[in-house]
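*Asks:* Dock chain to chain to rebuild the complex, using the hints, since each chain is given by itself in its own frame.
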Amino acid sequence: MTAESEERLGNFFGRNIPDVNVIRSCVHCGFCLPSCPTYRLTKRERSSPRGRIWLMNQVSIGNLELLDPIFEEEMSLCLNCRACEAVCPSGVKYGEILEASRAQIEEHRETPVAEKAARGLAFNVLFSDMKRFRVASHALKLYQRSGVQSAVRKTKLLNVIGLGESEQMLPELSDRFTVPHGETIAALGEKRGHVALFTGCIMSTAYAGVHESTIRVLTRNGFDVTLTADQGCCGALHVHAGEPDGGRKLARANIEAFEKAGFDAIIVNAAGCGAALKEYGHLLKDDPSYADRATAFSSTVRDVVEFLGDAGLSATPGPLNWTVTYQEPCHLAHAQRVTKQPRALITAIPELTLIEMPESSLCCGSAGIYNLIQPDMSSALLTRKLDNALSTGAEAIVSANPGCMLQLAAGLRARGDRRPVIHLIELLDRAYAAAESAAEPESAAAD
Amino acid sequence: MAQPAVVAQLEAALGRDSVLSNPSELTVYEYDGSDEALAGSHRPDVVVLPQTAQQVQQVVKIARAMGMPVTARGGGTGLAGGAIAVQGGILVALTKMDRILEINTRDRYALVEPGLINLDLSQTTSRDGYFFAPDPSSQRACTIGGNVANNSGGPHCLKYGVTVNHILGLEVVLPDGELLWVGGPSPDVPGVDLTGILVGSEGTLGIVTKAMVRLTRSPEATDVLLAAFPSIEAASSAVSAIIAAGVLPTALEMMDALTITAVESAYHAGYPRDAAAVLLIEIDGLLEVVAENTRLISVICEQQEATEVRVASTQEERDLLWLGRKAALGAMGRLAPNYYLQDTVVPRTKLPVTLQRVEEISKDYKLPVANVFHAGDGNLHPLILFDRHKPGDIERVLHAGTEMIHWCIEVGGAVSGEHGIGLEKKDFLPLVFTTEDLAAMAGLKLSFDPLQLFNPEKVFPSGFSCGEVSALRQQALAARLGIDFV
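Line by line, the protein sequences are chains A and B.
For the first sequence, our numbering assigns the number 1 to the initial residue and increments by one for each residue that follows.
For the second sequence, our numbering assigns the number 1 to the initial residue and increments by one for each residue that follows.
If we strip away everything but chain B, and leave its shape as in the complex, we get (with noise of 0.2 Å):
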């Protein structure tokens, strides 16, 4: 529980509606969209609701004078902590500021608030034949200044780029309390691309109030076909194979029959129940390209052994395809009662390889994996399927995920592709980065955040922030995960 002081004063300046401080209240700012382990065990002291920026300013001010911490956060549905006030203090909801505050089509740019629904942004321009191109999974419910922070992926970005190449500007709040603008609507600013830096710091280094975010103009023709697969290797060479032909589909995604069978249970998408793989596949741009790319792209699968290729012929069936995608996370619920979800990158060719190595993970654990994933860049998204409440299961999926990103690694990959390191992820970041790249990401958060006040424990490794990055830290946290570290 928060002092009564700093409610009073966050009161007189938000409004009292504005500032939540009843533990009965508060209780639901314990978690986020990520695994239940991290939820509901860390509760703000005190949530505000601002509405503007210059609240935004008067809640740090009071936070820094008072030495609390702040977290920001937007729809909560981040799937790495990011959102969850580890050391309590304040946690500032961008909910409420949600508006659209300009849309120029002519410089084909947005300016909107951070609390601002990504898919509620697209619907409002897909009017004027605009959209804008990030789409997360959870594209519905996940906010543009989450997008922002986590430098957000989604289905489309294997075309058109993740968030960082869709956001021009940025109003943001540092910690000082200060406002600062940084690029704007002509592309190339000169200097520090310090718009760069702060799209993905997930808010540690500060707090998006505006963001100018690029409209990319809807194509003239969307093609979306699924292709059905005897065996992952078969999906796995197809990827492959229409990449190599020299086609850049807008999006490329696999899903296994595991998965298949949940998202046919929640939605009766219509992808085939006997399949051990089918990709999803999204072809858009000139009407002539698009027909040329689904003829080209339609051989290429069958000579890769697909039993089956449909082309969705109506805008219905095409949501209804990428429906069963987008909610294919959620949809775990209908296997098992719980899912860990890694988020690690391989290079495309690595893909058949690093499947099979999954699977054989998924067997000597005796735990069911679900693969659905961006293939096309090489994201996978392996989610380890288990029950919390049977005895010794959390242990053999930490165990079956550390084995995963250590291989991740050792084929050339990454931890993250695109949810984030939060408070989840950031224990691994030792095995990709060596001493001096952590000392180089401390020197710039202490730069911006000197009291290391804005969403501390996230991204960088426990005790990090002290400056005791080392290799003895390295060997704990190897020994920690049970890995021989080389």
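So here's chain A without its partners, still in its complex pose (with noise of 0.2 Å):
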């Protein structure tokens, strides 16, 4: 059964129809329960891994309709954070045929004019355009001022970009944009050899920064680095909301970007893209000219942390007297399995004390844009996410994804509590800084 096929599986029918031998693949042994951060808090068997999929089993049998609230709801609760995956026995492919669900949600239910408008602006406006990004960014001030801002409050999608929820945050926007021209930054010292970096969409706007640490980092490690030019966002907001054919037009631009030039490697600095972008093989396997192309360009795509954790770092980083503690990422620990790297990468740094956090790899709440859709779920996750971080005593908590450090910088500052979240590669890129200025006494030290 093709996923583009005009066919029909019990209640799912049309486009996107999730792979039945997946669903069939759960052999109900239960083994996924306490890892699903929805069932921990609810101790509900339907808002469960395993419940969700016995219900998209049901469907697919014709018990149970569609369109049945409670699946409805369901589909829209789960996290999509994977977790369930990397400890799933039978190697369901949970992501799969949970997106699958929701593409064919989407596609039959009724949406209300002013979602699907929000939706419409949010997902075919300003992702699928950088330019057009950027300058939304830009103009998120004025929307706020101008009071455009009500309106953008209700459909909740412009906080996507982490701009539209708090005012503290819009001033670090203005001129740290990063925008691809398809320059090289050349590596320092002996070089080890040729990558590209991954701007995405938040990241290049509201975390620009880390942009930069990620290129002193690796050019201090011995890579060229080259901003490929025509890249645009990597669409995993647009497969996660059952969004399919934008999140497919978004990767077949970024293949035809980054296919030609041959680079060692293709460096993400956000988890959650870096899943997406791991997965083209699989989003566009029914279209015969990108197929081949999309498992090429995937096999190719590393997170900055586990590449440079593989590579090893060739330059020492300076001493930081500081006690941090590490939230895994959901879409770096489960989707993509990364956990040792993080681990070594941030152990490396001398004098840096690393203090685990109970339930590290329990989803913040972040998800993409569920905490918009989903706030009271999203909620009680962060707050037992801080909880669990503030326990250890850490002076900082250090993460990998653009989500989660604005789901955890927002929920902190909810609290009065002035620690800072910080990017593992910021983290890094501060321990040189501390390397160069410990070399040169003279000069201001950095931070």
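There could be a bad hint or two in this list.
[Unchecked claim] Computed, partial: chain A to chain B, Cβ under 7 Å:
#	residue
1	Ser-25
2	Val-27
3	His-28
4	Cys-29
5	Gly-30
6	Phe-31
7	Pro-34
8	Lys-43
9	Glu-45
10	Arg-46
11	Trp-54
12	Gln-58
13	Asp-68
14	Ile-70
15	Ala-86
16	Ser-90
No lab work stands behind these hints: they were computed from the structure.
Source: prediction; values computed, not measured.
From the three backbone atoms N, C-alpha and C, an ideal C-beta is built for every residue, glycine too.
*Replies:* Take a look at the structure:
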């Protein structure tokens, strides 16, 4: 059964039907339940991965309506954090069938006009073109002051770029956008390879500083870094929200932008984007002119943490007398199974202490646009995450994904806690800065 | 669907959020961890998620007044259908009662609620150097209440014993809605051992609302050995030789080639893919003793033709070896869409001949069988692999399974080691028990639950509750299963 065919599987019909063999590969052993954030909070079977697969199964055999309110609610309540996939002995590809189920629901449900407009604005206008995205990010400040803000707030979807929710965040945006023009920043010292940097949407506006850190750390470790022109948003938000066609369009454009140059790796510093880029092969499997190219593209994608952890640091970081804790992004730990490298890199910094928090890999509730769609569950998970993180007494929370960082920072601000949330690569960058200032004691110390 | 009046009463007692009656949300309580054939055919009328023992009492009293069956459920990981609401009625999901109420390391017990996940308890007490010994392979998802119900075992039960050896006391709601405490923190409570009766009764006699469990001191040292063998016979001989040498490993597990293939493709745990069988052996205790026993066991394995003996040197390596073993069942999904699991026990000395017989049966029925089991205590877990969408497969699987059970009983074994009887194995009980045995069990059941509302149609053979156990029944069963009844 191909996802593109106009077929019927019980009450699934039309395009993007979940693969029945994946649904059936669940033997309902229940091993996934404790790994699931929504199950841990509700203790309800329907809010567990096993329960959701069973509901998909019921739709697939015609026992449950596709638009049954419980089914719709559960497909939406799932964070798609994929912690269940990482522990599943049968290897059920849960993310695939969840995304297909969401696409099915989106295709067949009656979408309210306002929501349709908001989704159209976000998915077809903003994220589909980086120029527009940057203009919109700049313009957001204007929106806020002109009274359009309340309309935007109602749709909530603009918040996904990380700007709508909190005024304090906006000033940081101004001059710090990363705009890739195809330029290459040369390696320092002995050259070890040549990589491309995937700049993405939110990272290049709200977290352009992380890109700057990434470039500094990679070049310092002997890698030429190219900011490939004509690249765009990865499409993860589209795919997760049941808009796979929008995601496919972006995927094709990215493949075309990167495929010719033959880089050693395509480096990404947002875990959510990295997971999506690594799954282009699946996303475009039914597109004959792109399927093989997508697989080839995906095979070269590496999270910057994974890449540096595997390659090893050739430059020694300087000391940071700091206590930090590490919050694992779901799409790094579960979707990409990268768990050792982040810890190895953090502990490579002299004088720094890493204190592990309880439930480090339990979702923080950010999950793309989840915090906007399911605010109650998201906020309950954020509370749990911050309690866990702060119980370590760490002076900073280190993570590796913009969604998590926005969520944690917002949560800390709401508590009146001034501790920083920083990207792992920024931490390394600071350590290198410390090494430099130690080498040149007369220059001003960095941070 | 439950009558609105029942739902209203339950909602008044527990709150609206804790009562589920929408058919779309009841459907996810139609299964547990047992085989596909049992899942999806029985739906509870209403599901409740109580948070206190008093709420459980209220639920039971409402059920009793309405004559509705009551089925308790924990993590839903059971392999014999024990948590399936065969007659509908009220399903009591104890998942919200998951607190650790007290940890007392001086008296070495913990007081916990039934919905607590097994591994969560050991992880919490490990900080103080203690653990809860029963470790079913599902320990990261199964609950203490479920362990009590099934008298669950696990790899480490070879040395530490099964759940009943680790339960000091229980608070239970009886079928009449009364709350009863049995046992307590001091060992050897005089009188009838009611705790012993309740453990393993699979929710047919009462619903556990608190468990006082024994905590075991974490060993000073632990070694895990992996020994690879060129044949199953060689591995079986090594098992007997180890036990005969007077060494008691904490765990002594065997996996055959098919299981190794499944586990390696799922986890890359590092098992040698060319071995016919591997033994996973854990030794714990005092540092010096562990070192000596590890050396002794290595020598024994080599004498029994082991092609490789490896000692896991780091915690990470140990965890990976154990992960492969503990998730082996789930990993079978990599080999075939379905599996049918037996849980028979045979005397240890009968292992080699029994494994030969299993292989013959596998050939006779042209069904692959993977073996992964607790070799140390002779508890087999042959997994018959099949595809339920292939015509004729299910029938052949049932016949093959029945032949295996029959063989095991013939050589002096039992129908189930640790997974419980539940729905799935109840009709095999007459093969091991006499009419008088079964009548005694029925008498016990009726004295606790005269209305037979607690987990009906479980454990006891079909038609048994009416007192109709007879030779006729046994013959009918034998005829249905295609066995020549002796």
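*Asks:* Each hint should be assessed against the structure and marked as holding or not.
*Replies:* Do the hints match the structure? See the list:
no., hint, verdict
1, Ser-25, "holds (5 Å)"
2, Val-27, "holds (6 Å)"
3, His-28, "holds (5 Å)"
4, Cys-29, "holds (5 Å)"
5, Gly-30, "holds (4 Å)"
6, Phe-31, "holds (5 Å)"
7, Pro-34, "holds (6 Å)"
8, Lys-43, "holds (4 Å)"
9, Glu-45, "holds (4 Å)"
10, Arg-46, "holds (5 Å)"
11, Trp-54, "holds (5 Å)"
12, Gln-58, "holds (6 Å)"
13, Asp-68, "holds (5 Å)"
14, Ile-70, "holds (4 Å)"
15, Ala-86, "violated (11 Å)"
16, Ser-90, "holds (3 Å)"
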